[in-house]
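Following the hints, position chain B against chain A.
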Amino acid sequence: MMTSSLTSTTRRSRLKRKSGWRGLVYIAPAMGLVTIFFVLPVLFTLWMSLHKWPLLGEPAWIGLRNYTRMFTDARFFNALGFTAHYTLIVTIAIFAVAFPLALFVEKQRPLVSLYRTIVFLPVVVGLASASLLWVWLANVDSGLFAPLFDMLGLTAGRINLLAKFDTAFMTIIVMVVWKIAGFTMIILLTGLQAIPTELTEAARIDGAGGWQRFRHLTLPLMRRTMALALILSVTGSILAFDQFYIMTSGGPQNKMISVVYYIFNQSFVSFNLGYGAALSIALLLILVTLSVVQLWLLKVGDERP
Amino acid sequence: MFTKLMAATALISASMISVASAETISMWVRSGIGDSFKEVVKAYNAAHENKVELTEVPFAELVQKYATAIAGGQAPDALSLDLIYTPAFAAAGQLEDLTDWAKALPYFNSLSPSHVKLGTYEDKIYGLPLTVETSIFAWNKDLYKKAGLDPEKAPATWEEITANAEKIRGLGGDTYGFYFSGGGCGGCMIFTFTPLTWGAGADILSADGKTATLDTPQMRKAVDIYRNMIAKDLVPAGAASDNGVNFLSFTNGKIGQQSLGAFAIGTLVTQHPEIDFGVTLIPGVDGKPSSFAGGDNFVVTKGTPKLADVKEFLEYTYSPEGQKIMAKYGSLPTRGDIANEVLEGLDPRLKVGLDAIAVAKTPYTLQFNDLINSANGPWATFTNAAIYGDDVDGAFADAQAEMQSIIDAGQ
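These protein sequence lines map, in sequence, to chains A and B. Numbering-wise, UniProt numbering puts 298 at position 298 of the first sequence, and it's gapless, one number per residue. Numbering-wise, UniProt numbering puts 113 at position 113 of the second sequence, and it's gapless, one number per residue.
If we strip away everything but chain B, and leave its shape as in the complex, we get:
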C-alpha cells in the first residue's frame, strides 16, 4: 500500500515536472485591433513546446483592468499594450526593463522608431513594437465613378477632398462625401484629425509634452475645413454624436471619403470585398501629408518568472515568418529591414500604410488618457465643440486652458 502510494506520488510529481518544462505564458490583448496578434499566437502555439494563453480584453477597459490586476497580483506575464500607455506604466514602475536584451537584437535599429521611443522611459526600454498602425485616407472608387470623378486619382489637398465630397453628396439620398466620428471620440480624432496640423508643422503639445499648444493657425484651418464640410451637409448627421462606435462607417459603402487606420485596409479586403477603394496619405492643411503612428507595444509585467519564455515568443513574432502572419491579418511590419519582403504578395494598398510611418507622429505624454483619449477629456470635448459648436474661440480657449491645467497638475 505504502509503496503504491509512493509510486503514485512519484508519478504525479514526475508528470508535474514534465508539464512545468513546457511553460504556459499568460498574455492579454485588447479587442478591436484585428486578428493579427491572435493569429501569430496560434501559429506559435502550433510550432512550439511553450504555449501562449491569450485573453482578449475590451479596448476601453484594458488599462484599468491591467492596473487593477497589477494591484491585485493577478497580472498576466506580458501584454499587448496600446503604445501610448507604455510611458505611464513604465513610470509607475510596473514593467520589466528590456534594455540589454532589446539592444542585443540584430535588427533593433530597424524596429519602428515611434514605438521604441514611446517604449523608452528615462533611457531604459520597457516596450517593444508589436503591432503597427498608421492613419490613412481612403476613398470609395465606385462613388467617385458615379460622381464623375477620376477613381484612380488620389486627392492631395483638403480643397480637393471638399470639392469631391460635394460632387459625391450630389448623388443624393443617404450618400455622403465624408465621415468622421465627431461625438467626442478623442482616440478617433487624434488618429485621423491631428495629421492635418502635423503635416503643416504644428502640434497640440510641445515637444517635451509640458505645454499645450492647441491654438495654432494650422488647427484653426483644420477646424474650418471640417466645419465647412458640415455646413455644406457633406457629413451624415449621425457623425455629431458618434463616440467611435461607427468609426468604420466607410464600410457601409455610402461614404465617399474617410480617414481610417491601416488596419481597416485588412478589414475591408477580407470582410467587405464588394467595396472598391483607394488609399493615400492624409493631406495636411497645406497639402503636406502626415499620419498618426499608433499600435501596440509588447510589455512584460515586472517580476514575471517567465521572462525567458516571453522573450522567445517575441523573437518569433519578429521572425520573417511571424511578421508575415501579422501583416496578412492587417498589422504592418514592425521591422523596417524586412518590410518589403513581408508585404510581398499581400494587398498592395497595405504599402500606403507602411509609407505613412515615414511621415507619422505620436504625441509623447504620460497623461494621454486624461488629455486625449478620455471621452470627457479636453481634446475629445474640443473636437466636438470646435467642429460642431457655435463658439469656436471659446472651444479653443477652454480646451487650451484645461489641457494645460491637467499637464500642470500631473507634474
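Bound conformation, chain A alone:
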C-alpha cells in the first residue's frame, strides 16, 4: 500500500517532468526567436548604454553617466513632454472615432461590409507612405487642403498648414486618426461581437435603456478588448516617429520632436550611440510601466467579468 502509492507519485511526477520537457521543446522555436531578436538586442543595448559609444572610434566605459546625463537633458524632457501630449490627444481622438464606428458597423445593415472595408482601407497603407501622401495634401501650393479651405471660404487666402505648430499638429492628428482608427475599430468590433445577444435581450426585457445597456453591459464586457486596443494605441503613439520625421522634420522650430525622434537624432545625427542606447532603455522601462498600469487599471488579470 505504502510502496505502491510511493511509486505512483514518482511515476506521476516523472510523467509531469516528461511533459514539462515536451512543452519546452514545443515553445523552443518561439523562445529562440524571442531570444535572438529581442532579449539579446536588449542586453546589447544595455551594454552599449554603459559606454561612450561613438559611431567612429573606440567605445569607452563610463558606467552610469549616460543615465545621469538624462536627468539634466532639457531636450529629452521636452521630447517626453511632447510625446505624452501627443499620446494623450491622439489616443482620445482614435477612440472617439473608432468606438462609434465599431458600434455602427457591428449591426447588420445594408452595405455593412462596404463600410467596414472603407474605414479599414487606410490601415493597409504604410505609415511612411501615408505621411508622404499627407505632406502633399497639406502642401500650400500644390496640395489639396489649402486651396479647398480657401475656396470654401474657411480661411482668408491659402494658409500653409505645416508652417505653424497648431495647424501642423492638427494635420498630423487627423492623418493618424484616418490611418489608425480602422484598426482600432476592428479590435473593438470583435469585442462587441463576443457579447452574447441573450444578455442584451435580457437587459432590454428588464427595461434597460440604450445608454444603460452600453454603460452597464457593453463596456464591462469589453474590458479586455478595450485593454488590448488601448495598450496598442498608447504604445504605438509613444513610439511615434515616421509622421514627425516625414511631415514636419520635427518642426516648426523643433516643437515636434518625439522621444524616438530624439533617440534617432542622438544616435545617427550626433553619433552618440551610447547615449541613444541609454535613452532607449529608459523608454523601454516607461513603456513597460505604462502597460502594467493600464492592465492593472482595467483589471485584465481578474478572471470574473
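These aren't lab readings, by the way, just hints derived from the structure by calculation. Don't take each hint at face value.
Said to hold, decoys possible - Result set (DSS-like, lysine-lysine): computed pairs, CA atoms no more than 25 Å apart in a straight line:
1. A:K164 with B:K324
2. B:K210 with B:K351
3. A:K52 with B:K302
4. B:K302 with B:K324
5. B:K311 with B:K51
6. B:K141 with B:K232
7. B:K124 with B:K103
8. B:K351 with B:K361
9. A:K52 with B:K210
10. A:K164 with B:K146
11. B:K167 with B:K51
12. B:K328 with B:K351
13. A:K52 with B:K65
14. B:K351 with B:K141
15. B:K146 with B:K254
To be verified - Here are a few chain A residues that sit away from chain B, every Cβ distance over 10 Å (derived from the structure):
16. A30
17. L56
18. L88
19. L144
20. R158
21. I159
22. L162
23. D242
24. N265
Ideal placement from N, C-alpha and C gives every residue a C-beta, glycine not left out.
Then chain B, alone, in the frame of chain A:
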C-alpha cells in the same frame, strides 16, 4: 587529367593577375551636387587602365553611411565628402594623411584655400578640393522686364532687392519677388543667408569655433530684412515649411530673385534654357558682398591598399582636361592658376561663381552637423523661429544658448 587541371589553374591564376594589374577603385559621391564628378569619372574610365567604380549615396545619408561602413570594414577607397565634414572624420582618425604628396603637387598653392583649410587637421592634410561651390544671387530677367525694372542691372543692396521684389510681386497671381527655404533647412540657410552677415564683418561662430556669436547687430538686421519681405507678402507661403526640397524654386520661373548655389547656374543653363537670368554676388546687410564656399573634398579612407591608384585619379581631375569636364557640368575650377583657361568658352555667368571664392567664407567646426545642418539643430531652428516666429529675441537667446552648449559638450 592532372596536367589539364594544372593548366587550367595556371590559366585562371594568370588571368587573375592580369585583372589585378588594372585596379578598380571604389568611390562614393553624394547625390544632389550635379553631374560633374560622374562625368569626370566617365572620362577617366574611358582613358585609363584603372577603373573607378562610383556609388551615389543620398546626400542626407552620406555621413552616416560612411561612418557605419568604416565601422563595418566596408568603406570605399575614397569618396567625395562634403568639405565641412572633413574635420570630423579626420579628427576621428579615419582618413589617410595626404600631406607629403599634396605639398609636392606643383599647383598645391593654387588649390581652393577654403577646401585645403577644412581638409587640414592638426597641420596634416586629409582632404583636397574636388568640387567647388559658392552661393550667389540670381534674378529672373524676364520678370524684371515685366515689372518695369532694368533687367541688366544687378541689385547691390538689400533695400534694392526688397524694392524690386515689391515691384515683381505687383505683377500679381503666383509671381513672387523672393524665395528661400525657410522651414528649418540649416544647410540651405548657412549657404544663402549667413553671407548677409559675413559681408558686414560678423560671423555666427568665433574664429576658433569655440564660441557661438549668433546675436550680432548684423544678424538682427539680416533677420529684419527677411521678416520685412515676408510681412509684405513677397515670399510664397510654402517657403515657411520648405525643408530644402524646393530649394530650386527659382527654376519654376515665377520667382523674381533668390540666393542660389553656383551649381544652379549649370542646372539652369542645361535644364531650364527658357529662364533668362542674371547672377551677382550676395550683398551683405551693408552692401558688401560675401558668399559661402562649399563643395566637396576628396578624402581617402585610412589603410586603403589602392593609395597610388587613388592619387593617379585625383591628379587626372586636377589636369586641365579633368578641370574642363568638371566645369562644363557645373563645378567651378578647384585650381586657381588655370581657372580662367578652364572657364573659357563656357557660360560667362559661371565666372560670378568663381569671383565669389575671393570673398567667400566657410565656418570651421567639428560639429557642423549638430550645430548647422541637422534639421533639429539650433541653427536650422533659429532660421525658422527668427524669420517666421513671433518672438525674435527669444529665438536669438535660445539658439545662442543651445549652440554654445553643443560646442561646450563637444570639447
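Quick rundown of the hints versus the structure:
With a C-alpha separation of about 47 Å, the suggested pairing of A:K164 with B:K324 is violated against the 25 Å cut-off. Taken as a hint, the B:K210 and B:K351 pair is broken in the structure, with Cα atoms around 35 Å apart against an allowance of 25 Å. Taken as a hint, the A:K52 and B:K302 pair is honoured in the structure, with Cα atoms around 23 Å apart against an allowance of 25 Å. Using a Cα cut-off of 25 Å, the hinted pair B:K302 and B:K324 is violated, with the two alpha carbons roughly 30 Å apart.
For the hint pairing B:K311 with B:K51, the CA-to-CA distance comes to about 13 Å; that is within 25 Å, so the pair holds. As the CA atoms of B:K141 and B:K232 are separated by approximately 22 Å, the hinted pair is consistent with the 25 Å bound. Distance restraint check for B:K124 and B:K103: the Cα-Cα separation of roughly 10 Å lies within the 25 Å cut-off, and the hinted pair is therefore satisfied. A threshold of 25 Å between alpha carbons decides the hint, and for B:K351 with B:K361 the separation of about 18 Å falls inside it, so the pair holds.
With a C-alpha separation of about 22 Å, the suggested pairing of A:K52 with B:K210 holds against the 25 Å cut-off. Distance hint between A:K164 and B:K146 is unfulfilled; the C-alpha atoms sit about 34 Å from each other, more than 25 Å. Our distance criterion of 25 Å between C-alpha atoms is broken by B:K167 and B:K51, whose separation comes to about 54 Å. Proposed proximity of B:K328 and B:K351 is supported: the alpha carbons are some 12 Å apart, at most 25 Å.
A hinted pair counts as satisfied when its Cα atoms are at most 25 Å apart, and A:K52 with B:K65 qualifies at roughly 20 Å. The suggested pairing of B:K351 with B:K141 holds, with an alpha-carbon distance near 18 Å, which does not exceed 25 Å. Pair hint B:K146 plus B:K254 holds up; C-alpha atoms about 12 Å apart against a cutoff of 25 Å. The claim that A:A30 is not at the interface with chain B holds, since no C-beta of that chain comes within 10 Å of its own (minimum 30 Å).
Separation of A:L56 from chain B is inadequate, the least Cβ-Cβ distance of about 4 Å not exceeding the 10 Å criterion. At roughly 23 Å from the closest C-beta of chain B, the C-beta of A:L88 stays outside 10 Å, upholding its exclusion from the interface. Residue-level check passed: A:L144 sits 14 Å from the nearest beta carbon of chain B, beyond 10 Å. Not every CB of chain B lies more than 10 Å from the CB of A:R158, the least distance being 6 Å, so the non-interface label is violated.
The claim that A:I159 lies off the interface is violated: its Cβ sits roughly 7 Å from the closest Cβ of chain B, which falls inside the 10 Å cut-off. A beta-carbon of chain B comes within 10 Å of the beta-carbon of A:L162; the shortest separation is about 4 Å. Interface exclusion of A:D242 from chain B stands, the closest Cβ pair being 15 Å apart, more than 10 Å. Once the 10 Å rule is applied to beta carbons, A:N265 is inconsistent with being away from chain B; the minimum gap is 6 Å.
Violated hints for the displayed structure, listed by number in ascending order: 1, 2, 4, 10, 11, 17, 20, 21, 22, 24.
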